[in-house]
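Enquirer: Residue strings, one per chain:
Number of protein chains: 2
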Amino acid sequence: MDDKEISKAVVRRMPRYYRYLEELKSRGVERISSSELSDMMHVTASQIRQDLNNFGGFGQQGYGYNVDFLYDEIGKILGISSIHTMILVGVGNLGHAITNYIKFSAKIFKIIGLFDVNPALIGQTVSGEKIQHYDEIPKFLETHNVDIAILTIPKDDAQKVCDDIVKCGVKAFWNFTHIDLNVPKDVVVENVHLFDSLMLLSYHREEVLRESGNGS
Amino acid sequence: MDDKEISKAVVRRMPRYYRYLEELKSRGVERISSSELSDMMHVTASQIRQDLNNFGGFGQQGYGYNVDFLYDEIGKILGISSIHTMILVGVGNLGHAITNYIKFSAKIFKIIGLFDVNPALIGQTVSGEKIQHYDEIPKFLETHNVDIAILTIPKDDAQKVCDDIVKCGVKAFWNFTHIDLNVPKDVVVENVHLFDSLMLLSYHREEVLRESGNGS
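Taken in sequence, the protein lines are chains F and U.
Everything in the first sequence is counted per this note's numbering, starting at 69 for the first residue and increasing by one.
Everything in the second sequence is counted per this note's numbering, starting at 69 for the first residue and increasing by one.
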């Protein structure tokens, strides 16, 4: 790794490798060749070799990849070999679902605080975690190490909430709101823009219908 | 449009334009120059002009873009000028949230059927929509026009459910499951892989910490 620039496209593909390796691990597969992995992932074997070479290789000629080892190494690269603590702001439907989803399925991502402004929600519990008032965040962040803030709030509040939390020192945001956040250079944002995704689906569906001659 | 190939990257940026134009519309802005749009979107003005030229332009020298017109045109390109009907399979936490989210925020995407295999859920109502048994899907699809199927089910069931629904003629899937689906060429899938997104966030956070010298 060091100072070598790794292209965004390669980085974007890493979680997918991780997912497939997890699946292989769970099936008890110990090693896999790049061509087998290629068949599974519908990516060329040469692409796989190139991608993994970016991070120093890991494969051995004639043996293939050791699944456990590769899984662990990619995990390290992705920074998910240690626990990440998170808070979630906005415990509406989506926030509720994300909380349960994370609690249920993620071992290394841990939600340690839930916050909302709605008085009706304060004190209620989601997945064993009590909802606190939004105003408690600065105090909470003084006494807890929080790696990531999840924003599942209405778009009109999003930038202000983000600014407030940046001021408290949080460096990473998982943004489900409908807007793009402006953050300082040393803060990262990963967006889950659900409607963007739905619009792309709509676009690609039209495209396929057009090609097959059934389009509008 | 016609037969011209539009690059994936351009298409991927379209929903974002649509979002910003929606915002401008709601603020009553009638026209905007590419440089103003550029400031808002943190994209170069020349990129904006190039992107929009792919679809035939829409701008006028010295006037800029008519917000309403551009919004409508991009809407047409994205295929979201008409209603899209959807079913959702798997009414757990995430399915529940997605249903409410869509019902609440989307005018042109309409969920018209909810399905699950869990007997405890059948007959219950989410956002006014009754949950039906999974086995009812083929009959439902015979009598209803469904554009998109949303999958919010465990990964182990995902491919089979997808195959079943493809057989009934649905051509588009919004996939929230943890796997990549194999589909025929004339079927499109848009993935929302939440954990991939979280892993990327983790990666970029590590990167920023490393650069600022606080990294592990």
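Be a bit skeptical, because a hint or two may be false.
Given that identical chains are not distinguished, each listed pair holds provided it fits within a single copy or across any two copies.
Unchecked claim - Straight-line C-alpha distance at most 25 Å; calculated PhoX-like pairs for lysine-lysine: (1) Lys228 x Lys93; (2) Lys144 x Lys228; (3) Lys93 x Lys253; (4) Lys207 x Lys144; (5) Lys178 x Lys235; (6) Lys76 x Lys235; (7) Lys235 x Lys175; (8) Lys171 x Lys93; (9) Lys223 x Lys93; (10) Lys175 x Lys223; (11) Lys144 x Lys235; (12) Lys93 x Lys207; (13) Lys198 x Lys93.
Don't read these hints as lab results, they were simulated from the structure.
Only a predicted model underlies this, so the values are computations on that prediction, with no experimental measurement involved.
Enquirer: All hints are to be evaluated individually against the structure, with a verdict given for each.
Expert: Outcome of the hint check:
Proximity of Lys228 and Lys93 under a CA criterion of 25 Å is satisfied inter-copy only: 22 Å between copies versus 43 Å inside one chain copy. In this assembly of identical chains, the alpha carbons of Lys144 and Lys228 never lie at most 25 Å apart, being 33 Å within a copy and 33 Å across copies at closest. When the C-alpha separation of Lys93 and Lys253 is checked against a cutoff of 25 Å, the pair qualifies neither within a copy, at 37 Å, nor between copies, at 30 Å. Taking identical chains as interchangeable, the C-alpha atoms of Lys207 and Lys144 are never at most 25 Å apart, the minima being 31 Å within one chain and 48 Å between chains.
In this assembly of identical chains, Lys178 and Lys235 lie within 25 Å of each other by CA distance solely inside one copy; the values are 22 Å within and 39 Å between copies. Taking the closest pair of Cα atoms, Lys76 and Lys235 never come within 25 Å of each other, the shortest separation being 28 Å inside a single copy and 37 Å across copies. Proximity of Lys235 and Lys175 under a CA criterion of 25 Å is satisfied in neither setting, with 28 Å inside one chain copy and 36 Å between copies. In this assembly of identical chains, the alpha carbons of Lys171 and Lys93 lie at most 25 Å apart only when taken from the same copy (22 Å versus 39 Å across copies).
Taking the shortest Cα distances, Lys223 and Lys93 sit within 25 Å of each other only across copies (15 Å), while inside one copy they are farther apart (40 Å). In this homomeric assembly, Lys175 and Lys223 come within 25 Å of each other (Cα to Cα) only across copies, at 17 Å, whereas the closest approach inside a single copy is 29 Å. In this assembly of identical chains, the alpha carbons of Lys144 and Lys235 never lie at most 25 Å apart, being 28 Å within a copy and 41 Å across copies at closest. For a Cα distance limit of 25 Å, the shortest separation of Lys93 from Lys207 qualifies neither inside one copy, at 41 Å, nor across copies, at 39 Å.
In this assembly of identical chains, the alpha carbons of Lys198 and Lys93 never lie at most 25 Å apart, being 35 Å within a copy and 39 Å across copies at closest.
The structure is inconsistent with the numbered hints 2, 3, 4, 6, 7, 11, 12 and 13, although it conforms to all the rest.
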